[in-house]
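Each protein sequence line maps, in turn, to chains V and Y. Residue numbering for the first sequence follows the working numbering, starting at 1 and increasing by one per position. Residue numbering for the second sequence follows the working numbering, starting at 1 and increasing by one per position.
Calculated directly from the structure, the hints in this document are not laboratory data. Some clues are possibly wrong.
Think about it this way: if two alpha-carbon atoms lie no more than 25 Å apart in a straight line, the pair counts; the simulated PhoX-like pairs of lysine-lysine are [to be verified]: (1) Y:K400 <-> V:K212; (2) Y:K170 <-> V:K236; (3) Y:K112 <-> V:K179; (4) Y:K251 <-> V:K223; (5) V:K233 <-> Y:K112; (6) Y:K115 <-> V:K236; (7) Y:K170 <-> Y:K115; (8) Y:K400 <-> Y:K11; (9) Y:K115 <-> V:K233; (10) Y:K112 <-> V:K223; (11) Y:K246 <-> V:K233; (12) V:K236 <-> Y:K11; (13) Y:K251 <-> V:K69; (14) Y:K251 <-> V:K212; (15) V:K13 <-> Y:K112.
Far from chain Y by the CB rule (all over 10 Å, computed), these chain V residues [claimed, not checked]: (16) M1; (17) L18; (18) A26; (19) A46; (20) A101; (21) G163; (22) E194; (23) R228; (24) L238; (25) L302; (26) P384.
Positions of the beta carbon are idealized from the N, C-alpha and C atoms, including for glycine.
Chain residues, written in single-letter form:
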Amino acid sequence: MFAHIFKMMWQRKRANSLIIIEIVIAFIVLLAVVAFIRVSYQTYSAPLGFEFDNTWSIEFEPDIKDREKTGLTARQTLQVISQLPEIEDAHTMYFPPFIEASSSTTIDTENGEFFVLSTAVSDGAQQAMGMKLLAGRWLNESDNGQTIRSVLINKLLKDNIFGDGNAVNQLFDYEGDEKLRVVGVFEDFRQMGEFSSVGNYMMFRTDLDNPKSYYRSIHIWVKPGTPRAFEEKLQKLLHQSAPNWQFEVTTWQQLRDEHIRSGMVVRIIPIVISLFLMLMVAFGLLGVLWQNVTRRTQELGLRRAMGATAAMVQMQIVFELLVISLMAITIGFLIAIQLPISGVIEQLTWSIFFQSVAISTVIIMLLSVACAYYPSLIATRYLPADALHYE
Amino acid sequence: MLRVYILLALKVLQRRKFYTFISLFCISVTLMVILLVSSLIENITHPPGPERNSERFLAIEKMSIIAANGRSNQRTQPGYQFLNAVIKPMETPELTSIFSTRSQVAGFRNGKRIKSQLKRTDSQYWKILQFDFIEGRPFSELEAKQGQHLAVISEDTARQYFDETSALGKSIIVSGESYQVIGVVANVSVLHWNASADIWVPLFANASTAFTQQAMGGFMGLIMGKTPEQIPAMKSEFNKRLAAYKHPDPKRWPVVIASANSKFEQIARLFNKDLNVPPKTKELTIWIIVTMVLFMLLPTINLVNLNISRILERASEIGVRKSFGARSSHLISQFMLENIILTCIGGVIGFMLALLSMYFISVSGVVPFHSFEINFRVFAAAVSVILFFGILSGVYPAWKMSRMNPINALKGVI
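Use the sequences and the hints to build the structure in full.
Okay, structure coming up:
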């Protein structure tokens, strides 16, 4: 039966061309949105690599002209606030997480060039952040005074530079004239948050005892349940220890909320718009099909007269639209497949593409069945007598 | 005749309410989205409020420094030292301003935390950006230089700190420092990021002047000419001065890149972060137009499909008219008129839906302090969208209808 309907629809492909075009566009729009959601979900669900509970960031303005004085003041501040009973731990970091600020560099290796983001933290910050160590060790005092600087790298960067091999204690070139020694490999540290793309990352050590060390934010781990109003007390203390400095206090949770909110707004708008578009297509198909069925009184009545059951007539109407949709999906697929073939969008891998195609196909098919259902019901109401009376 | 057509059109619309509903739904929803988007674009590119002189100013909001080996680079906002060395000596602009980017600060009132965005600015800032002062005044050049602890605050901030009473002369404490309020301005939409903040204080109110030595981070510059025609001259002077600028650590960072951008270029920059190339405004414009047209294509084809179904339904009516001598052009104009009436009704509904959703977006606070406006340009865009729909979705079905064979049409066989 399906083959027969396909033959009929193929014969009438010109008459149905506008409907086919409509479904082709609807399919491509849907595919784009589904793929976008799928890619977003993939980046969102990849491990963040650190925890953000009960962590606050204190940003300040360091004076690069007088690094020693800056370092001294910052160190004093760090000591003063570490003694507060509400604070369990305090560390320095170059940039706080969840904001779009970072240091970047390109690393040249035998396996190619890699774009790498980096930061520097004081000893023990990795444990405080709950980062996961996969190999080697964290940075500590034993890295003091080494001629070759020690560095931690994330798993992606390790895979990129060293492949499946061992990375610990290996060296790699950094900024042309320097070599770095890998002392540990961590799972990941997605500094810019869940919605940022997964990338290479490395972490240097900030030696708090070195007067030349430079950093621009202090991060504190407060006791669970510390109220936000603690900031008032904290600000007073900060102001006392460094009267000339401006401190900006935010919680990591707050920074993350901001990141998630702006990420969600960007994603929800296209979803809502495409929902409206799908609704329009559904209504349109319903209207067209309805009209179509009322015009086919003769044909459908005749089928009933020749012994076709109501269910068979109903099936014919639904299948007809399904066949049209399939033709449209095929065309849409051939158009859309150019994207992963050309590889314009890096994150659009074949597996994501095919998953999105499958999901979009199912949605369009369900939509077709839903739109054809009511008109097909009307078609069953035609009596053979109506058809024979026609004209 | 026209009256008859219009009456007929209204009758036809009432006949099959379901079709009318679908058509109106398509038209109004599409128009609503187009109106929202174009109002947003219009609002950013031709901002009302403090940034209303935007066609005369350029903003310097990003810079990057590149290491000698060309590999490593840092990219962030410009620093005061850089802006002071590059834009302050400029001769083409009438006014130049340096101000800090928004920073999160907190004040406390009866133990309750009040979150605000603070900007530290010079006095020129108030001349380039036209704030609406509800009461009070901005700080003067002298006050800014002396770094007096004065503050201009937004209406919303004033309400949070002092409820409905006048804020003038009272003091607020943010991040441990006390400032005396000398002016209250109307709230500024966060989308106008050159102007937007909650609290503005003089640049030098901060006791530390460490920032004056910093080449990178935390600041923005605005340069404004007398007329929009001065923009190219300002750009070339900026580039000349940029080329002459040396980073304080020239051995490590020999290359400094920045650019002075117009409002639309600032937006194009958001999508293209590479400062080495000029902002891709042309590409952005093309993208916007292509997306809009693609977005409208689907509802249009939908309407064409519906309209074809509709005329087939009226085959017998068309057959009668044809056999009584109506010309194709009569039928086409009648159908087009019907279609345009339908799109106009949909247009009015869409317009109301847009106003309603703008109201809800404003109230919900998704975009803080943003108030949508429909001005002449946005209205013109809406009208052209309606015409686009009315004509495009009517032409093909009308042409098809006019070619119907009267005999077949009378029989109802097509």
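Going through the hints against the structure:
At most 25 Å may separate the alpha-carbon atoms for a hinted pair to count; Y:K400 and V:K212 exceed this at roughly 81 Å. Under the criterion of a C-alpha separation no larger than 25 Å, the hint pairing Y:K170 with V:K236 is consistent with the structure, at around 21 Å. For the hint linking Y:K112 to V:K179, the alpha-carbon distance of about 51 Å lies beyond 25 Å, and the restraint is violated. Distance hint between Y:K251 and V:K223 is unfulfilled; the C-alpha atoms sit about 45 Å from each other, more than 25 Å.
Taking the CA atoms of V:K233 and Y:K112, the gap is about 13 Å. The hint holds against a cut of 25 Å. Our distance criterion of 25 Å between C-alpha atoms is met by Y:K115 and V:K236, whose separation comes to about 17 Å. The hinted pair formed by Y:K170 and Y:K115 meets the criterion: a straight-line CA distance of about 18 Å does not exceed 25 Å. Proximity of Y:K400 to Y:K11 is assessed by CA-CA distance (about 22 Å); at most 25 Å being required, the pair is judged to hold.
With a C-alpha separation of about 16 Å, the suggested pairing of Y:K115 with V:K233 holds against the 25 Å cut-off. The straight-line distance between the Cα atoms of Y:K112 and V:K223 is roughly 20 Å, inside the 25 Å bound, and the hint therefore holds. With a C-alpha separation of about 42 Å, the suggested pairing of Y:K246 with V:K233 is violated against the 25 Å cut-off. Annotation: proposed proximity of V:K236 to Y:K11 is violated, straight-line Cα distance about 75 Å (limit 25 Å).
This hinted pair checks out: Y:K251 and V:K69 have alpha carbons roughly 23 Å apart, not beyond 25 Å. A hinted pair counts as satisfied when its Cα atoms are at most 25 Å apart, and Y:K251 with V:K212 qualifies at roughly 18 Å. The straight-line distance between the Cα atoms of V:K13 and Y:K112 is roughly 69 Å, outside the 25 Å bound, and the hint therefore fails. In this structure V:M1 is separated from chain Y by more than 10 Å, as the shortest Cβ-Cβ distance comes to about 26 Å.
Remark: the non-interface label on V:L18 conflicts with the geometry, its nearest Cβ contact in chain Y lying 5 Å away (cut-off 10 Å). The claim that V:A26 lies off the interface is violated: its Cβ sits roughly 6 Å from the closest Cβ of chain Y, which falls inside the 10 Å cut-off. Listed as a non-interface residue, V:A46 keeps its Cβ farther than 10 Å from every Cβ of chain Y; the least gap is roughly 22 Å. For V:A101, the condition that its CB be more than 10 Å from all CB atoms of chain Y is violated, with the nearest at approximately 6 Å.
Listed as a non-interface residue, V:G163 keeps its Cβ farther than 10 Å from every Cβ of chain Y; the least gap is roughly 22 Å. Under the 10 Å C-beta cut-off, the non-interface status given to V:E194 relative to chain Y holds; the minimum distance is some 20 Å. Its beta-carbon lying about 6 Å from the closest one in chain Y, V:R228 breaks the requirement of being farther than 10 Å from that chain. Taking the minimum C-beta to C-beta distance to chain Y, about 7 Å, the non-interface status of V:L238 is violated against the 10 Å cut.
Separation of V:L302 from chain Y is adequate, the least Cβ-Cβ distance of about 15 Å exceeding the 10 Å criterion. With a least CB separation of 19 Å from chain Y, V:P384 remains clear of the 10 Å interface cut-off, as annotated.
Taken one by one, the earlier hints fail for this structure at numbers 1, 3, 4, 11, 12, 15, 17, 18, 20, 23, 24, listed in ascending order.
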